[in-house]
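Listed in order, the protein sequences are those of chains A and B. Heads up: the first sequence is residues 1 to 710, going by the working numbering. Heads up: the second sequence is residues 1 to 299, going by the working numbering.
Don't take every hint at face value.
[Claimed, not checked] Chain A stretches covered by chain B per the calculated footprint, using a threshold of three residues with CB under 8 Å from any CB of chain B: (1) 22-30; (2) 37-44; (3) 49-59; (4) 84-96; (5) 409-416; (6) 515-529; (7) 689-695.
These are computed hints drawn from the structure, not numbers from a lab. From the three backbone atoms N, C-alpha and C, an ideal C-beta is built for every residue, glycine too.
Single-letter residue listing:
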Amino acid sequence: MMDLSGARQGLLRGFRGLVAGAMARDLRAFVVPGEDVANALGLDLDAAGLIRAVTPRHANVLLIAGPLPTALADAASVVWAQMPRPRCILALGEVDLGPLPSADVTAEMSQAGLISGLEDLRKLIRNGAFAPDIAEFDAPALSEWIEYTCPMHPEVISDEPGKCPKCGMFLVERRVSGAAPHAHEGHEGHEGHEGHEGHEGHEGHEKSSAVSTQAEKAHHQSDAVTSAETSASYVCPMHPEVTSDTPGSCPKCGMNLVPQAEAGEHAHHGHHAHHGHGHHAEPASEPTGPYTCPMHPEVTSDAPGSCPKCGMDLVPQTEPGKHGHGGHGGHKHHKDMPAQEGQGEHAAHGAHEQQDAHGAHHGHAGHGAAPDIPGIEPHFMSMVELTEGKPVSPDGLVMEWIDAPFGPFFPGLPGGLQMVLTLDGDSIAGADIKGMDAAALPSGVALEDFAASLADAVPLSPVAMRELACRAAEAATGQTAPKDVLTARAAAVERERIASHLNWLAGLARQVGLFSLSRKAADLQCDVRTAQADGLAEQEGAINSLLTAARQGSFLRSKLSGIGTLKGALEGPAARAAGHPSDARHGDVVYDELGFEPITQDQGDAMARLRQRCAEIAQSLDLIAEAGAIAMPAVPRAKGDGHGMAALETPRGPATLYLTLKGGMVSSTHLTTPFAALAAHVPDVIKQMELADALTVIGSLDLDPWSATQ
Amino acid sequence: MSIAVIILALAIGCYAVAVLEGWAVHGRLSLTRPATSALALLGREQILPRTSDRLFFEVGPVLLLVAGLLSVAVIPLAPGLIITDLAIGALFLNAALAYVLVALIMAGWGPNGAYGMVGGWRFLGQFIAYAMLIVMPITAVAMRAESLSTTQIVLSQAALWNIAYQPIGFVLFVIAAMGVAWLPPIDLPTGGGDLAGGVEAEYTGARLAVLRLARLVIIVALAGATVTFYLGGWLGPWLPGWVWTALKTLAVAAGMLALGSRLPRLREAKYLELSWKLGITLALANIFLVGVIALVVPI
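Chain B on its own, in the form it takes in the complex (with noise of 0.2 Å):
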């Protein structure tokens, strides 16, 4: 049952980040666009391309979906309305986020082309950017709910949120998150100016369809992870749980997608530089303020 529930919640919040990222990028906001261009994409003629590394091509999108379909298990949308409460549910959402990495180098290997192989191998260079970003913040999280269960963690922001609680934490998580879901600044493996598309540059059809549903399911991942971790989860007065978590996640979805219009794109070698010397410093003072918060201050 409430796997059923969650999946609807998954394909309606899909649905809306795909109209709030027709807002950011196209400047128009429709509520019938996304349908209409998945209905278009559907009847698209779907391409092989001749040389291409026929599996990989294949299972690229598909890995891509899975990935985000396991992260969106371990978030809870409301007590009780959750796939799977793991006890390491916060370290699942990790490996999970793991195949992303796998699923874009092999759909950018796949079709044989120097766009689309360029792209996949930047996405490379972009988890190692990332990877610690995503690791350390949580690591706070799960200090502060002495445990790595998603609910738990929510339960512990009872009191304070995290946002308030560990703001560092909060910023790294973000951009390491938009990193993950390659939202742009940091788009690096298929932009669109660099690489004309990139890793999606040879995805014709019903394949390239599956590819954009994939990532729209790992922005509303990373954005209900954002709510879990550091905004509280479904806690709030007056409305029903579940109704916070998904006004939340599309907030932050729709600030990530925002943020992402009015910046340029952002360099490989600059996100590299920023995510190790300054980031990495700052999730470990993090780290560390937490720790002595916890101990001093029992919120």
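Chain A extracted, bound-state conformation (with noise of 0.2 Å):
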């Protein structure tokens, strides 16, 4: 039989059993591109009886609706590698899954596929999700990471940059791969699995290390890695006479002992440091002030600070057998600080003192250009010093600032769409947005093979591209349709736009919590792609109910109203919202015959916007029983050469398809979307929002990431 591919180690006996057979029935899918894509590809995720889980750290089920481009299939690979296993994959569709193991179950990509592949499945885990040999996966996008390192104390590394806690030197990048060397972390005993770095990796950013490594592998490593070295003495960096033939940490002062060539750059370093810190006091050669940096001998200033070369505070040039000159300086320190003053010579001296033993004893954390307070102790956490350098938000509150990767799997946002938001607190500092690095569209091939691919290539509004190949490759040859076949190839559009607009107000309101309205929405938006005008008719019914309360909620509306003011130069739904009444419908001769006339709002915000498309959804359902018939676009027959262009709402905006024929195959085309124009806007209108409300209006402006690069 076959096993499963993310079995969780062990034997399938007694209580595992039963485990095994509640997994079984609890199933939770963490979706891959994303629900909405999902529900675009006419899957209804509940009816199935499958539980989303926002992370995938709380999924068992990894759900690959549809071709996922390279990029995405990369992060994917990390999501696998967060859950924890028990796991399995569930791909529907023809997939390349990239670096990701081949899938438990493999189904087509319809609700039954679904259906039956979540059969499948459920039997594979009753019998399979524990083995006693299980395989092993490590995500290539996490074989490498970046980390940081101080050049004095190796054992100290960070995932971030910053200071040396020890000496205040700047840490320095050093690029890893392979297995986490602190993997071990990540494991419990018998439990022997991942290093999982946390959060940022399931968004496929990782740049640390959310590696996953069997227990025996990390050990494996740590082992190979102390026979290379055992050959090699180890020596402190700080006192050269300690040697040692194992690794270990000095008697003296408790550093970790460095392998000996590794040691010999730092040797020389480390005496200066010893001496800035007072253990050695030995003198500089050529003292010109009293503060140096222990590290750059060259370096003096009157004053406390910091070291310009590398970040290291300054410390008191302290002479042997001239404590006077270090007092001395204690004192300059000290003298124009309230606290000391009116305590006159004493008070210098036992500045002095305190100056010493921080040097020998704390010096390293960097307290020396920190004020003293009256009454606090030195050692202190000063908020004023740990902020210090760190940016400053408009509130005036100084933080420190956290880049966060979002997408292209987060659960709040369209799937696709990746975003690194850098986080001050919960608001948003700035924002980086970008769609996906679709693979170019073919040439040199038939009209019909480039229409199924280009419409294959944007999943959210397959039909709009579809028709929009059609329209431009009638342009090209020059042929025409029937009136009646351009208007039911007109009603097949409107119809996506009212499904595509029901599955962007599902994700909203998925977005904001409002659970059953997200269900009411994705249900119906799967009755209407695919039925027919008079199916529509019936439905009509059922949508407008949901549309005014979508629009009445008090509640939603003060959630949306305000946020997300959208002005200036727009396209599609969102400058509608905002009173430009752009529409490349307008205008065009078939919608003309319909009655067709823009719908517009006034206030631009992300209230005007779910308004605006709750307004568009109702007047698409009036153009589709006007047109009375419903056909999808077929491409034209083609032969010789031409050149023709086509534009289109698409229900996210004006799409534009440039295409060249030769000698009947496509050769060359070029496409342009509504995403990047709308994108670019994302980072200025989410600056200082709460991050909650960020995300709102960025799922307010429906963005297609899928269209991004073409």
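Please dock the two separately framed chains into a single complex, following the hints provided.
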């Protein structure tokens, strides 16, 4: 029998059998590339009895809905590495899984395929959730990462740039590959599993180390390291006289011993550093100022501060037997402080003593420049000092900013959208947003193949893309379809607009936590996307009541009103929500026949975009009723050469396709979509917003990262 | 004996709330799902994030559970059926719930991940919003009962339940209680759409099971507190007292969960603003009104 690719180590016996049975019934899926894409492809996850996990940590099924571009397959491999075992992969459609292990179950891309796939998966889990031998998985995206280390203290390793807590030097960057050196932190005895870094991993942006490593493997690694190094002798970077055959710590200062070769360079620096800290008290060659850098003796200053070369705190220069000088330094340092005022010479000597003690024991922590506060002991963690050099946000509160990756699989964003948000607490200090690097559109293929691959590349609006390809082909070949066919094709595009807007509504509702609205919208979306004109007429009542609920809900209104106001150069629904009647359907002969007039709102905020899309759904229903029939666009036969251009109002705004035919084949194409223009507004609009609002605003824009680059 | 009975009742209550939560969030009422989910969680691998603060990571969920259990200790199921009938029961409840904040910040900080950390600190903001609105309505309840003992508070409602006597306090307390239990729409520390699980995001396996259980205990404790303070506790005709407490508690929990699934997530600043500008004003008015009524009309 086939094993589960992500089985957990152990024998399937007794209690574990019961647990495996429970797991088979409790399937929690992390949907890749996202629920919006799954819905657009016609999957109703609720109806299939699947619970969605918001993070890979809570999931046991990786549901791959549709083909993944390479970048997303890499990101999915990180998600896979983050999921706790037992875990499994269900792939729908023909998918190249890239670095992921092959899918446990593959099924066709349809609701029936999903249901039967889940059934197979349940059987697999029931019988194979635990296995004595399990396959390891290392996500290639995580096999290399960047870490920061102190040149003086190799044992200091950090995921982020900063200063060494021991000596205050700037940490230097280094690129590391292989298993995480401290992966052992990740396992727990026989649990024996991955040294996951954490949150970032499932967004696939992991620069540090969500490396999945088996316990045994990590141990082997460290064994290898040890055996390779036993031939070298170890030395203390501070005390060259301390040597040892084995790694360990220096009996004099407790520092970790480093291999001799590596230490050679350090020893010299260590000497100076040491001197600076007052252990050895050896004079610097030519002191020209009372403060100097322990690493760079040529750097001197009359005032305390940090070294311009390496960032270490300057230390007072001390010469053997000349404590008076050091004391003077201490005196100088402290004399400006209110605490010392009027305390005379003794205070100055006290300061000297303190300064020395500082140097010896705490000097590393970088207190040198911090003012001592009366009544507070000198080693007090000063906020002024901790936040020194940190960026200041407009509210004046100084905090450490963090760059947090959101996407490509973040549950509150369109699937495939990648963002890095700089978070200043809970508000946005900066944003970097990008869509997907989709594969180039094919050239040298027949028109039919081109239209199909264009539709596949943009899963959120395949019909519009197909229609766009047809229109461009018609323009290139000079053919025109009969009027009723054109009308029916326009109706197909309108039907997709309804489905797309409903899907958008489901996503926005999910993002803000309106689960029941989200479910209803997603259900309707599934029904609408394949319905015929008469079927849509039947759904009209349900759609209208849903739209009323969405528009009238006063809590949703208060959440969306006034945020994310966009004015200025815009297109698509976002422009119409801001009062610009810009619509590619306006002036189109087919739509004119159907009596189309653009709808607009005034405010241009997130609520206006909701109202706009609701109004467009109602309008599209009317247009379809007017058209009477729906027909999928059929690509014309092409012969000879030609060049054609077509523009179409997709659900997200106008798309333009330039198409060149040579000998009946597509030779070159150029597609423009609304994504880039809209995404360019995002960083400015969400700046200084609370994270929740920022994500809501991005959700309200309905970005389609799939059409980002063509 | 009463401890065993109350722990059993608590376990049943938690299970029922889990069933109700499945209904509110996933739209499906399934009696077996919480059991299968819990079993499945126990079988999953436990992952320790690489650069985690191990102490905070491990202690957070356990402390949360302890805080929940402590607050249950002063909620009477029936006359005499209470773990400890402290003279300062209402105050003790408050003190126990203070550890929810500590536990969540620890759980958020522990894994060394952005989502968890933001979630944990968000809860600090949330705490500032709900803290006064837990204490001030309890003050008015205690004024009427002339006691902080939860048993006395129930007995003081024999003639008229506090929900009718001080409806403003009831509404404020329920909203604040939803904040304590981070129930939607005030689920800021875990918001799925905002933080991808937030505080819960890095927990797996049995640790996650403890975290989820702790939250259920807190929901039950707060629903029980609402019943004790405002809905007359075990008081009611025909049925035995403990049945009334159980029914009322479940009804309150169901109400809170149902409300949550129909409202969009509140913004942190909005919750703070509502709580302080409107909530505290109303809470003061409530205390004043209750004081006047208590002086003028002896019910």
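Status of each hint after checking the structure:
| no. | hint | verdict |
| --- | --- | --- |
| 1 | 22-30 | holds (count 4) |
| 2 | 37-44 | violated (count 0) |
| 3 | 49-59 | holds (count 5) |
| 4 | 84-96 | holds (count 3) |
| 5 | 409-416 | holds (count 3) |
| 6 | 515-529 | holds (count 3) |
| 7 | 689-695 | holds (count 5) |
Violated hints amount to a single one, hint 2; each of the other numbered hints is respected by the structure.
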